[in-house]
Amino acid sequence: MTRDTHAPEAAPIEIDRLLADPGTGIIVCCGSGGVGKTTTAAALGVRAAETGRRVVVLTIDPARRLAQSLGLSELDNTPRPVLGIDTAAGGSLDAMMLDMKRTFDEVVLSHSTPEKAEQILANPFYQALSSSFAGTQEYMAMEKLSQLSHEAAEHGTWDLIIVDTPPSRSALDFLDAPKRLGSFLDGRFIRLLMAPARAGGRAYLKVVTGGITLTTAVMTKLLGGQLLGDVQTFVAALDTMFGGFRQRAEATYALLKDSRTSFVVVAAPERDALREASYFVDRLDQEGMPLAGVIVNRVQRLAAAGLSAGRADAAAEVLGEASVAGTGSATAGLTEGLLRVHADLAETAERHHAQTTRFVAGHPGIPVTEVPAAAQDIHDLDGLREIGAALAVAETPGVTPGLTRDAESRAG
Amino acid sequence: MADPGSAGRFASTRLHIVSGKGGTGKTTVAAALAVALARQGKRVLIAEVEGRQGISQTFNVPPLSGAEERIFADRSGGEVYGLSVDAKKSLLEYLQMFYKLGRAGSILEKAGAIDFATTIAPGVRDVLLIGKIYEAAGRRTKGRRSGDLVYDAIVLDAPPTGRIVRFLGVNHEVAGVARVGPIKNQAESVNRMVRHHTTAVHLVTLLEEMPVQETIDAIADLRTAELTVGAIIVNQVRDPLLTDEELAAISADTVAGRAEAVEAVRTDLTGAGVKATKVMVRGLFAQAHDLADRVALQAQEDAVLAEQGLPLAHLPTLPGGVEDGGLAVLADALIEEGIV
Ligand SMILES: Nc1ncnc2c1ncn2[C@@H]1O[C@H](COP(=O)(O)OP(=O)(O)OP(=O)(O)O)[C@@H](O)[C@H]1O
Ligand SMILES: Nc1ncnc2c1ncn2[C@@H]1O[C@H](COP(=O)(O)OP(=O)(O)OP(=O)(O)O)[C@@H](O)[C@H]1O
Ligand SMILES: [Mg+2]
Ligand SMILES: [Mg+2]
Chain A
24 MTRDTHAPEA APIEIDRLLA DPGTGIIVCC GSGGVGKTTT AAALGVRAAE
74 TGRRVVVLTI DPARRLAQSL GLSELDNTPR PVLGIDTAAG GSLDAMMLDM
124 KRTFDEVVLS HSTPEKAEQI LANPFYQALS SSFAGTQEYM AMEKLSQLSH
174 EAAEHGTWDL IIVDTPPSRS ALDFLDAPKR LGSFLDGRFI RLLMAPARAG
224 GRAYLKVVTG GITLTTAVMT KLLGGQLLGD VQTFVAALDT MFGGFRQRAE
274 ATYALLKDSR TSFVVVAAPE RDALREASYF VDRLDQEGMP LAGVIVNRVQ
324 RLAAAGLSAG RADAAAEVLG EASVAGTGSA TAGLTEGLLR VHADLAETAE
374 RHHAQTTRFV AGHPGIPVTE VPAAAQDIHD LDGLREIGAA LAVAETPGVT
424 PGLTRDAESR AG
Chain B
-15 MADPGSAGRF ASTRLHIVSG KGGTGKTTVA AALAVALARQ GKRVLIAEVE
35 GRQGISQTFN VPPLSGAEER IFADRSGGEV YGLSVDAKKS LLEYLQMFYK
85 LGRAGSILEK AGAIDFATTI APGVRDVLLI GKIYEAAGRR TKGRRSGDLV
135 YDAIVLDAPP TGRIVRFLGV NHEVAGVARV GPIKNQAESV NRMVRHHTTA
185 VHLVTLLEEM PVQETIDAIA DLRTAELTVG AIIVNQVRDP LLTDEELAAI
235 SADTVAGRAE AVEAVRTDLT GAGVKATKVM VRGLFAQAHD LADRVALQAQ
285 EDAVLAEQGL PLAHLPTLPG GVEDGGLAVL ADALIEEGIV
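Residue numbers (this note's numbering), protein chains in the order written: chain A, 24 to 435; chain B, -15 to 324.
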């Protein structure tokens, strides 16, 4: 067995134990863009449901075909049952796709009188904010999570919530954006704008004496008085309703620190994605947020194990020369092609292995699970079941990919 | 492939805006495009607007400070300057230019007004970011050859497809919030620039379902917003390694036919010095089978893109990534594919 004895090993995530543990109430799947967060969230949902949990999965912008398979064509911002789930173990699966504008509207509606809500919903600043602020999607994902969590606690509808996170360059955006939104809405400038209307604002005003007039004057000139007016109306309306956005953001943030919550960080076996995963893992640690482990997704596996890229290339070379010289067999061209295909895959597999190994070495003690790259996109329940199974029978990272081990077992 | 010798289709484009689904290679393609333009003796500015230092990483130079710095020079005399546009800095520059604010800038900063304007006031941030591009695009040299435009071409590493129309359609957005004043004027100038006939939005994609779908959606959205879509740039195209006939044969292969083929291939392998088991040969076939499926799927996606009736360019997957001259390879491919 060619095992690199220096390669560090990490224990895989014990996915089935995590899913079966009644103490697991929320699983958050995060990671950088395109690594497989949505797929992983859905696969965990299917597996948990089929092993008896009553699950709701909150997805964000799933690929169209996957959305169809999950029955997510209705955009009503509430979970719907997923058909085709094996409920023999007593579980169930509901799924939904986040509608961020609608979620924001719901927040407004549920916390104010109808007249006031109407006023806010029609406010141009609110409209722009709820559909375009860079962090709104992240914020609304958290908002929805807390709504689902309340619903689960009150009605016992679900005992496990799995959340996907928005596509963003950095996984950290998910943690930072809501705070950013909260603190800006509740920030200095807003308070300054509101100051004349508040008694407590006087003291603050003194600090920036002279500044206030200049600030509002310049801002009015720059942005137009209308915008500032809209902002003032908006914030005033919100303020009386529920004591500031910051608190709300903080309450949701606290949910993420709960001991019933687990983070699963998804990464691709590439340098950039693993670097992002690294930042995220460190950040979770700083925040005291519970990490279940890291999933390295779409790792190249070889069906023809035991043949290195170098040897395959060399043999292909020999066959190529024979073909040119006219001494090759009738299948020499095909064999050469098969070898080149293999060399290419084996090289990718070797690179993936090297990247994963480096990550594992840099993060001792953190469970890491590798999920093989399927030949095709994952867009139906069977595909999700396969990913779920791969997650559960996780191979130990740090073992040379597919080399000899598979070959031995298959040859046997 | 474009017929060799023809001038690039976007030879007269001055502002190249590069968008695409996240992670498809926008920054890499923007960098390759800048290098391709510099190869033709042009002085090029490549700008990023998300503060990620993607440009400096791709060109393998120290982080960009916020000033325009030369990051690449070609033998032809062409050059690439890099800029990481910072919204806050742009706003302060802007206030300075229009209001000669001096110290007052820091009062605004203290009051949180700068943060407000650059982060939360909807659309204002985008106006500031792209306003900087507008300024650089129109800037003329001072001194001896004064009056010439400083840059022959500008490449913008733009936000992803999900946000591109909103980013470029700043005028509409800002119209709702800033109805008067310099930000609004700026928005109008920007609006003219992005709709000018020398501006094109190129879309980078992979031959996968989601990026292709996003590309198609983005084309429709850009057109609705009356923005000119440039080329579709298919990135990370893999060499199929097998001929069409071989791929077809492998796909059509029946199990009955395969036993023979397995034996023949095994003999070939042994002859070439690889001691192969039947299991290994079957594995080789299985891998090629997957590849054939993937190639077929990619061909389908490629056909969908071709239906868009836009210039289409294909860039290869660089086995070693963009380091070690990879950018030059992609730049050459862009020229060869007739883009610039
Ligand atoms: N193990 C796998 N094997 C093969 N394909 C996979 C695998 N995991 C994910 N995919 C495919 O990769 C693509 C991206 O996956 P997915 O949408 O889950 O990523 P994401 O992290 O949610 O992306 P985004 O950041 O855009 O939201 C999809 O087409 C999916 O089917
Ligand atoms: N043709 C290529 N061959 C090999 N690797 C590539 C190629 N194009 C891009 N890459 C790699 O793919 C990764 C993503 O590329 P890049 O950063 O350019 O994408 P992006 O679209 O700008 O991403 P983001 O949405 O995060 O800004 C990088 O690691 C880059 O080096
Ligand atoms: Mg997703
Ligand atoms: Mg980029």
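By construction, these hints were calculated from the structure, which means they are not laboratory data. Where is the CB? At the ideal position from N, CA and C, for every residue including glycine. Please note that a few of the clues may not be correct.
[As the list claims (entries may be wrong)] For lysine-lysine, the following DSBU-like pairs were computed, each having C-alpha atoms within a straight-line distance of at most 35 Å: (1) A/Lys280 x B/Lys126; (2) B/Lys126 x A/Lys124; (3) A/Lys244 x B/Lys259; (4) B/Lys72 x B/Lys94; (5) A/Lys244 x B/Lys262; (6) B/Lys26 x B/Lys94; (7) A/Lys244 x B/Lys73; (8) A/Lys139 x B/Lys126; (9) B/Lys126 x A/Lys244; (10) B/Lys94 x B/Lys73; (11) A/Lys244 x B/Lys26; (12) B/Lys73 x A/Lys124; (13) A/Lys202 x B/Lys126; (14) A/Lys139 x A/Lys124; (15) A/Lys244 x B/Lys168; (16) A/Lys124 x B/Lys72; (17) B/Lys262 x B/Lys126.
[Claimed, not checked] In silico negatives: residues of chain A with every beta carbon more than 12 Å from chain B: (18) Pro85; (19) Arg88; (20) Gly179; (21) Arg408; (22) Glu409.
inquiry  = For a quick check of understanding: which of the numbered hints are violated here, in increasing order?
reply    = 1, 2, 3, 5, 6, 8, 11, 13, 17, 18, 19
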